[in-house]
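Participant: Given next are the chains, with one letter for each unit.
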Amino acid sequence: MAVLSTKLLLLGLLGYGMGAAAGLLFFKRERAANLLSFGCAALAALSNFISCVSALATGAAASSQSFELLPSLIPLVRFSISPDPLGCYFGIIVSLLGLAISIYSVGYAPGYYGRKNIGVLGGFFNMLLMTTTLVFLADNALFFLMVWEIMAMTAFFLVSYEHEHEETRNAGVLYFVLSHLGTGCLIVGFFLLYQASGGFAFEGYRDLGARLSPGIRTSVFLLFLAGFGFKAGVVPLHIWLPAAHPVAPSNVSAVMSGVLIKTGIYGMTRVFFDFMGNPPNWWGVTVLTLGTISAVLGVLFALMEHDLKRLLAYHSIENIGIILMGLGAALMFLHSGHPVLASLALIAALYHTLNHAVFKALLFLGAGAVLHATHTRNMEEMGGLARRMRWTALFFLVGAVAISALPPLNGFVSEWLTYQSLLQGFGTTSSLIRLMFPLSGAMLALTGALAAACFVKAFGITFLAQPRSDRARQAREAPGTMLAGQGVLTAACLFLGLFPTLVLKLFDPLTRQLTGQQLSRQLAAVDGLVLSSVVAEGGTVSTLGILLLGICLAVVPWILWLVFARRTRIRVAPTWDCGLRGLTPHMEYTATGFSKPIRMIFKTLFRPRREVQREYDFSPYFATSLRFESHVEEVFYTRLYRPMNQGALRISRRLRALQAGSIQAYLIYVFVTLVALLLFAL
Amino acid sequence: MNPNPPAIVLQTLLLLFLAPLVSGYMKNWKAKLQNRRGAPPWQVYLDLAKFLRKDMVLSEHASWVFSFAPYVVFLTALTAGLMVPMLIAQAPLSLFGGVLAMVGLLALGRFFLALGGLDPGSAFGGMGSSREMTISAIAEPALMLAVFTVAITAGTTDLSRIAQSTQDAAWKLLNPARVLAFAALFIVLLAETGRIPVDNPATHLELTMIHEAMLLEYSGRYLALMEWGASIKQLVLMTLLVNVFIPVGLAGPHAPFLGLAMSLIAYLVKLTVLAAAMVVVETTNAKLRLFRVPDLLSTAFVLAALALLSTFLFYGS
Amino acid sequence: MPLLTFILMTPMAAGMLCLVAPSRRIMAGLGVAAFAVTLGLAVVLLRQVLVCGVVTEGREFLSADALSIWMVLLISVVSLATSLNAGRYFQRDLAAGTITPGRVREFYVLTPLFGAGMFLVVLANNLGVMWAAVEATALSSVLLVALYNRRTSLEAAWKYVILGSLGLALALLGTVFVYAAACKNNPQPLPSFNWSHLMSVARQLDPHLLKLAFVFAFIGYGTKAGLAPMHTWLPDAHSEAPSPTSAMLSGVSLKIALYALIRFHILTTACLNSDFSRHVLLGFGLFSMFLAAPFILVQKNLKRMLAYSSLEHVGLICAGIALNTPATIFGALLHMGYHALTKPVLFFAAGNIHQTFHTLEFRRIGPGVGKILPATGIAMSMAGIAAMGMPPFGLFLSEVTIIGGALATHQTAAGVLILVALLASFCGILQQLSRIIPGMPKNLQDSKRPGTDTALAMTLLLGVLLVFSLWLPAPVCGLIQDASRIIGGRP
Amino acid sequence: MNSPASAEIGSQIVTLMAALMLVVQLLMIGQRMLLTSIQLFAAQSVLLAAIAAVVAFYHDAGHVYVVAALTIAGKVLFLPWLLNRLVRRIQIHQEIEPLLNAPTSMIICGGLTLLGCGVARPFTSLERLGNNTLAVALTLVLTGFFLMINRRTALTQVLALLTVENGVMLAAVALTTYGMPLVVELGIFFDVLVAVMVLGILVYRIRENFASMDTSKLNQLRG
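Protein chains in written order, with my numbering: chain G, 1 to 682; chain A, 683 to 999; chain B, 1000 to 1490; chain P, 1491 to 1713.
Just so you know, these hints were derived from the structure itself, not from any lab. Values in this document were obtained by computation on a predicted structure and should not be read as measured data. Keep in mind that the hints are not guaranteed to be accurate.
Listed below are the simulated SDA-like cross-link pairs for lysine to any residue, each with C-alpha atoms no more than 25 Å apart in a straight line [unchecked claim]:
no.	chain 1	residue 1	chain 2	residue 2
1	B	Lys1299	G	Ser652
2	B	Lys1299	G	Leu649
3	B	Lys1370	G	Leu174
4	G	Lys596	G	Asp577
5	G	Lys7	G	Phe79
6	P	Lys1707	G	Arg654
7	A	Lys714	A	Phe699
8	P	Lys1707	G	Ala665
Start from the sequences and build out the full structure, keeping to the hints where you can.
Facilitator: Following this line, the structure appears as structure tokens:
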């Protein structure tokens, strides 16, 4: 079994390689490039998916051996990978998304025919999936860094795919620079581990933390937190995310938001739980706090957006925050010596990672379909799409419900687990710190509610009511493959939401590897129908039960119809327009208007600016024309990054004076150096 | 532990038929306090029946979401209701989910309610949805924090267990944490059920209404479902308050018929008191401006936080 | 057969022949042929050196150890690529009338001599001869820098020659001091001034004198190698020279001066056995890296930016040598090689851009080079990525090796500083290149403009770079290891 | 005929001449006329050649005579002639304007002399003939360097470079028993010649293009 899964894994990687090659070879023939590259990607992803799932389900992953992908022909580096439980789990994420998104892309790519080079898109898409998979599987620090960098670079090229627009170019550069800063931290971090263990193989790093001196240990933690934080988009390292995701092609945004930022989560889990051993308490506190901040700020900024894809990007920040809450709690429990609770929190975090990957990818694909149909990302120009793009609307609605953590879908399940671990965490310590758990739980509640508000806006303004522009009026439903891709993810959302106990079985090898526990049995009650929090009587939930119950209760209205409403008729009429001359789209509530109350309540954060110009004949209340502008400030950019950037440029310009062109000055430099060295040598 | 069908049926019927009566009585008492005669308490039933018989007008702009929303609103409220202990300490469906699931279900209902408000494309609906989502969002942390305080003391999120844990130790009723949490939840209740000072259920004045604004385009049986769902939701929340914080007189798991009757009486008494309190608050206060509501709710949050702090002081350290 | 002599003579002969060659085509052919031959000879020598350590000729006048052979390989490859590129380049310049046939002949005569000079530097056994050879390379390249008789190119050439020959005068003083040290306690009237002999007696030499010698030699050869703050001539010369020459200057000639410096460093360390020379090299290496970054960030001129990036890489190599662990030295030598393969590509691309847009200023070139010159765009972005130190290109490996070596031996501060400097210049290069390569040309007739998009030499170099990034053949690896062993480095 | 006494005389001669070289150097620093500076340089080279000759005589080392001869031929006759010719070819006006006025330059040179002596102190034991020749050599190098910075016109920079060269050669002669090996000497000599020729070519072209010799006008390339 293990052999088989390994074979499938290698087959998948090979498939990605072939896809990349095919894309770049056939770059002259669009259709061929499209079918070949994305076809290969789909098949490869499928085989990887099967391999990873079987490895986890059969527990083969637990006994995985590290082996060399191919013999290394350069010194130091070993291309060695090991499909261990953690790697396999994230492998599931990337391959599941890879499958759905590749299918989707077959229908999405033709939108670029004649304008752009499909081969490049397909090729780099395959490369991205392959490198991401390798990041999850690599077990040699140098190899990890190599694939990590190649992954970042591939993503950079994909983000800058439509490089004709300056916005895209700047976003790409911003992303690449920040990602590379992160890599810098990682390099130092890994070499500190190398310093301590004398090797690059991950085996050598297992539980290394105990052997590190406190100073080194702290710096390693901070370096990895920052390094992976940049990639994951943790506030305040997040600003590349809302810039880069919207400008990328939608299938790429889906991969980036679904998988790419998860590499950060993977790295943190790998380092903090696998390498560092028993953490000091403040690590967990830091991570938990960062997570809470990211969650709340992420969703608040998302509410202010009316660019559909930017909105989704900000939600990625929010969900990364939720995941970090779980991780932080797990670290704190490890510290206070509650491995079971730690495993629960870890499972919550990682399950949410999977769920977020699924529904965020689904939403991005939906946004892509909308973009494909209306050629705009601006929600204010949309509306009425639910009647024109029925299936897309349905899929997007499912995604929206899931991401708002509403039962019975998967978002609810993982957040339920998070709540449980937080609440039970209260008992783990007696210090004041434990107040953090319920408080961050409350913040999680706030996040969820705001997310719901945000997606009422996103779905309502985009898909409901009358079209706000001709583009929206002429929108058509997306082609079959695109719908199929979304369908796969929708199914995944439902499955992950309704049958959590089945999925949680996969976590056993994982938790055994990281915390030495194994919870799937405690987590399942009533032969798997009900999800129960680990400790007895902690609380139970059964999404499937809720759904079935709701369906059963549907007899109530049915009976009512039979009793009362048999002879009623249904009339279709225009919406009530207060007696005006018909209702126009201008009278609809806009996205900006929808989020106005929130904007006002949190105005200290957003610092909104508005300009209103009103032209009227006799009374300001009957304006003939009105121009309204409203801006919200991205505090971290305007207060943190822009000043730093400008400072650097200013200093550099000052320095240019050194090279002023006068040969006398140059001679003086040499002279001074000579004299200085002579004195030094004396 | 396993759900027993008779309990489910009983509680479902109770929810269905008690809810309108409660809102009816509250309307009636309000009128009385305002020196009006007011409609009889059972008027609400008649209204519902009338709505159900009437023809429906659907907006031509609306999509399937508009017709789907009423069912969701109604059913989520009903399902959530089955997770709260009403007469028997053991809520019939506490197995399917505790307080988290209940709050989640109500949120799901609200989600679709808001979508239904947006769908016809009238400005009122949008305004209503926007305000509804905002207020519920800032009410959520207070609600959760208050619930957490009791959940932590009881060590579970299962409502029946929380109720029982307090039932057998009566002194915990007067535990400051509970009192504060109760106060917080009471404020949240006002907000969630759209009562003055947050919303005015009796008005259709466009500047003030929130909940009604979303229902403007609904008519006929859908309107009936919406109204009914709303009243059920209100009853569920009130039950949550009275039965979780003051689980006096809740019947045990296998109570004889008499025990059930006793607990029904106790329940009705508690409900009456709570309803009266709400009516008094409503009649003695004026509605707040929308941007004043956060102050009120932050008060609730602070109360809940204090409750948490006192829990910390009590909880063995 | 006297391989070393052949290596010296072949390019010289080619240069002389070019004086009388009837046509430009023949001159170009001669250049290519000459360096192809030297490359072949170098490969043969590589095997010999791997077997028997050192190869000497002409009564030990010439001698080649692993280090010199490594340099010979680099010189041959880069010069070969340059000669390949030069043909089309000057053809277009002549067509555009920016240069006269006489000057082109000058180029074809001087370039092989330049190469021969560099070969002599690395093959000479005698320190004095080595000095003379460095001076010779300086003088031949000065005239190449001044090839276009523009005001700016003359200015650049003047600064280059004044700073260069002044530095070399100081280097000569250093050489004299070494010789004096050799004479000091030495029976026979004329002691040998040979490298091999000096190393054998290094222990007996007068430490004070060698210290002094190293200071002067450092300033001298450091100026030629473009270490800050003696680097000031470097951006001028690189930006004003014709692109093939820039490629050679940045690709190898800097490293040749560095080679001379390294020889002195080895001698000094062997004699003093103290960290004096190490610390000097490390300090100036880091200083160069940190000085380069801001200049790259706000640079306005493409070739000047490339020059500053060379400054940065030289600093890195210097620091790698100075960190003085087997890993770092190995990494530094490896980096020499990869940089020598990368930088010429960038300069060739810059040449194409210059000939197409008639300017080197980013602002005037504007976005969309990739649209107008596809091949150049692709080659430049690949080489740019390599120069930024991204995998799969080897510079990532060498940089990581250096930093890792530093941290592994607890020279953490140095390693981190190197990394920071690299990050800074990464941002600079990325930001600058993304201003010109991607995007849409500002006005559409630009895209109609007949572009000069030849990519033969670039493709060749990139191919070699990619192959050697993924597969470092055992002989080459062994060669570099031997070389790093020569430089020393305590384990 | 290497009696200690005569060696004593020899060393005094060398010391004297070295001192004279330094004096000439200082004169050049003070000097404002171009042609005069060229002649001063020639004079300095004569002294250098003489020193070489003396060394050769007292150690009867044949090839050091060669060095002396080359110096005479190259630095005393050929280069000054070449420079003069260049000056005539491109009618530069004679006045050279230094950056710093004479007194300041003198003070700086004094400081540099001190530095030179300081650096040279540990090595007096090395000198075969004469005292402090090394100090003088170093001082020549440093002051030559300073001269280069202090003068603006291209030609004077060339001259300064040549004086630095002289300093180096003096060091070579003074420090080492028999001067450098002949190969090296020849190499150095021809390099110097070629260098000056190249410089000459550049000076000529610059004069053509800029219609001036002022190197401070060469400041187009910045940043």
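Participant: Confirm or reject each hint.
Facilitator: To see whether the hints hold, each was checked on the structure:
1. B/Lys1299 <-> G/Ser652: Holds. Lysine 1299 of chain B to serine 652 of chain G sits at ~12 Å (cutoff 25 Å).
2. B/Lys1299 <-> G/Leu649: holds (13 Å)
3. B/Lys1370 <-> G/Leu174: Cα-Cα ~22 Å, so holds.
4. G/Lys596 <-> G/Asp577: holds (23 Å)
5. G/Lys7 <-> G/Phe79: Answer holds: lysine 7 of chain G to phenylalanine 79 of chain G is near 17 Å, not above 25 Å.
6. P/Lys1707 <-> G/Arg654: Distance ~23 Å between lysine 1707 of chain P and arginine 654 of chain G Cα, so the pair holds.
7. A/Lys714 <-> A/Phe699: Holds, at about 23 Å.
8. P/Lys1707 <-> G/Ala665: Holds: lysine 1707 of chain P and alanine 665 of chain G sit about 13 Å apart, inside 25 Å.
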